[in-house]
Amino acid sequence: MFEDLVLKHQDKIYNLCRHMLDNAHDAEDAAQDTFIKAYQNLDNFKPNASFYTWLYRIGVNTCLDYKKRPFWESLLRRSDDEEEYNLDPASSEPSPEKIYESKQLGLVLRKGLSRLSAKLRAVIVLKEIEGLSYEEIAEVLNVSTGTVKSRLSRAREKLKSQLKKFREQN
Amino acid sequence: MRCSKALKLISPSTDGELTEGDKRELQDHLKGCEKCRAEMEEMQGLRQLFVNTEKFEAPYGFHARVLTNVKTSKPDWRSGISIPVRLAEALTVLALIAVGVMSGTLLVKSLMPENAGHEMASLHLDVFDSTPPGTLGGAYLAMTEVGNEK
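Same order as they appear, the protein sequences are chains Z and R.
Position 38, counted from 1, in the first sequence is what the working numbering calls 38; the numbers after and before it change by one each time, with no gaps.
Position 75, counted from 1, in the second sequence is what the working numbering calls 75; the numbers after and before it change by one each time, with no gaps.
Just so you know, these hints were derived from the structure itself, not from any lab.
One thing to keep in mind: the hints can contain errors.
[To be verified] Capping the alpha-carbon separation at 30 Å, the derived lysine-lysine pairs in BS3-like fashion look like this:
id, chain 1, residue 1, chain 2, residue 2
1, Z, Lys119, R, Lys8
2, Z, Lys160, R, Lys35
3, Z, Lys165, R, Lys35
4, R, Lys71, Z, Lys158
5, Z, Lys111, Z, Lys160
6, Z, Lys164, R, Lys71
7, Z, Lys119, Z, Lys164
8, R, Lys55, Z, Lys111
9, Z, Lys67, R, Lys35
10, R, Lys5, Z, Lys149
11, Z, Lys46, Z, Lys8
12, R, Lys35, Z, Lys111
13, Z, Lys160, R, Lys109
14, Z, Lys149, Z, Lys37
15, Z, Lys111, R, Lys71
16, Z, Lys8, Z, Lys119
17, R, Lys55, Z, Lys160
18, Z, Lys149, R, Lys23
19, Z, Lys37, R, Lys71
20, Z, Lys119, Z, Lys103
21, R, Lys35, Z, Lys158
22, R, Lys71, Z, Lys160
23, R, Lys71, Z, Lys46
24, R, Lys8, Z, Lys165
25, Z, Lys160, R, Lys23
26, Z, Lys119, R, Lys23
27, R, Lys71, Z, Lys165
28, Z, Lys149, Z, Lys46
29, Z, Lys68, R, Lys55
30, R, Lys5, Z, Lys164
[Claimed, not checked] Listed next, the stretches of chain Z that the computed footprint assigns to chain R, with coverage defined by at least 3 CB atoms under 8 Å from CB atoms of chain R:
id, segment
31, 6-14
32, 27-34
This structure is a prediction, so every number in the text was calculated from the model and none was measured.
Every residue, glycine too, gets a C-beta built ideally from N, C-alpha and C.
Required output: the full structure, derived from the provided sequences and hints.
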């Protein structure tokens, strides 16, 4: 039965961790830890609650714990963003200008996400990447919907200003 | 509606989280305000970027690794311990450290010879004096001190 739950939710939890953390190794470790913690705490799960919001809560908290780890642990792991960010505009594979710009904007977005505080990042990932409603995000993060709304606005403003800077520079 | 309120409503409006009243008011405001319209367009542009964001799938063998780790993992026995018990644990550790420090101090004192303190007191402090009495500087200082006493 637990195997079915893992198969059903693994992509969503991995995707969440991948967007909450800056490298694939940490994301996989955090996603693994999420399922292990869920397994160990299945007795605490209340059947009237939604299983995936409960799982998301464990996932977000696990990612927040990963972000609190000492900096030298992160130094040992390569940030995927660094390499991707240095895309050569004159790449050997010619691609239309628009595709290139869209790719660049995607990278700017990821960079912008990595610069957000963990709380703002969690709320924007849950909304924009995972597609949760305000109520679901509030349940996952254990905050009010008003807090979700204000954090989301702040996160979007920060990302917008990063994109604006990028457009001005290019 | 003022621009400050309109700007606050732009983010939730793109999520469809506005009341009918707010939605109508915002639409009316946007019709006449170019600045807020530009903000709305930027917000929609940002949201569009997320639509194109890469969706990651769990790596190959992920679920098998989870099941293996679940079988070998041990339950977090500390998670069941309440905060008062953890506090008591911390206080016990601190008390043990204090007892260790105190007993160490007493042990050092008991091992020192009884007259060690007298020997130290009998040492002449002149050895630490930068201008001992026998030197020219010492003689000068002695003279000036005598003068000050008067």
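Hints versus structure:
1. Simply put, Lys119/Z and Lys8/R have alpha-carbon atoms about 19 Å apart, close enough for the 30 Å limit, and the pair holds.
2. For the given pair, Lys160/Z sits about 15 Å from Lys35/R by alpha-carbon distance, which is consistent with the 30 Å threshold.
3. At roughly 18 Å between alpha-carbon atoms, Lys165/Z and Lys35/R fall within 30 Å of each other, so this suggested pair holds.
4. Pair hint Lys71/R plus Lys158/Z does not hold up; C-alpha atoms about 43 Å apart against a cutoff of 30 Å.
5. For the hint pairing Lys111/Z with Lys160/Z, the CA-to-CA distance comes to about 12 Å; that is within 30 Å, so the pair holds.
6. Under the criterion of a C-alpha separation no larger than 30 Å, the hint pairing Lys164/Z with Lys71/R is inconsistent with the structure, at around 49 Å.
7. Straight-line distance between C-alpha atoms of Lys119/Z and Lys164/Z comes to about 23 Å, which keeps the hinted pair within the 30 Å bound.
8. Our distance criterion of 30 Å between C-alpha atoms is met by Lys55/R and Lys111/Z, whose separation comes to about 16 Å.
9. At most 30 Å may separate the alpha-carbon atoms for a hinted pair to count; Lys67/Z and Lys35/R exceed this at roughly 38 Å.
10. For a cut-off of 30 Å, the pair hint linking Lys5/R to Lys149/Z stands: about 14 Å separates their Cα positions.
11. With a C-alpha separation of about 19 Å, the suggested pair Lys46/Z and Lys8/Z falls inside the 30 Å cut-off, and the hint holds.
12. About 27 Å separates the Cα atoms of Lys35/R and Lys111/Z, which keeps this hinted pair within 30 Å; it holds.
13. Distance restraint check for Lys160/Z and Lys109/R: the Cα-Cα separation of roughly 69 Å exceeds the 30 Å cut-off, and the hinted pair is therefore not satisfied.
14. Of the pairs offered as hints, the one joining Lys149/Z and Lys37/Z holds, with about 29 Å between alpha carbons and a cut-off of 30 Å not exceeded.
15. Using a Cα cut-off of 30 Å, the hinted pair Lys111/Z and Lys71/R is violated, with the two alpha carbons roughly 37 Å apart.
16. A C-alpha spacing of about 26 Å is found between Lys8/Z and Lys119/Z, which places the hinted pair at or below 30 Å, so the restraint holds.
17. The hinted pair formed by Lys55/R and Lys160/Z meets the criterion: a straight-line CA distance of about 21 Å does not exceed 30 Å.
18. Only pairs whose Cα atoms come within 30 Å are accepted, and Lys149/Z paired with Lys23/R is accepted, the gap being roughly 16 Å.
19. At roughly 12 Å between alpha-carbon atoms, Lys37/Z and Lys71/R fall within 30 Å of each other, so this suggested pair holds.
20. For the suggested pair Lys119/Z and Lys103/Z, the alpha carbons sit about 26 Å apart, so the restraint of at most 30 Å is met.
21. As the CA atoms of Lys35/R and Lys158/Z are separated by approximately 18 Å, the hinted pair is consistent with the 30 Å bound.
22. Distance check on the hinted pair: Lys71/R and Lys160/Z sit about 45 Å apart at the alpha-carbon level, beyond 30 Å; violated.
23. Between Lys71/R and Lys46/Z, the direct Cα distance comes to roughly 23 Å. Compliance with the 30 Å bound is thereby established for this hinted pair.
24. Under the criterion of a C-alpha separation no larger than 30 Å, the hint pairing Lys8/R with Lys165/Z is consistent with the structure, at around 22 Å.
25. For the given pair, Lys160/Z sits about 22 Å from Lys23/R by alpha-carbon distance, which is consistent with the 30 Å threshold.
26. Under the criterion of a C-alpha separation no larger than 30 Å, the hint pairing Lys119/Z with Lys23/R is consistent with the structure, at around 28 Å.
27. This hinted pair does not check out: Lys71/R and Lys165/Z have alpha carbons roughly 49 Å apart, beyond 30 Å.
28. With a CA separation close to 26 Å, the supplied pair Lys149/Z and Lys46/Z stays within the 30 Å bound.
29. For the suggested pair Lys68/Z and Lys55/R, the alpha carbons sit about 25 Å apart, so the restraint of at most 30 Å is met.
30. Among the hinted pairs, Lys5/R with Lys164/Z is consistent with the structure: their alpha-carbon atoms are about 22 Å apart, no more than 30 Å.
31. Requiring three or more residues with a Cβ within less than 8 Å of a Cβ of chain R, the coverage given for the segment 6-14 of chain Z holds, as 6 such residues are present.
32. Coverage of the segment 27-34 of chain Z by chain R holds [criterion: at least 3 residues with CB-CB distance below 8 Å; count 4].
The earlier numbered hints that this structure contradicts are 4, 6, 9, 13, 15, 22, 27.
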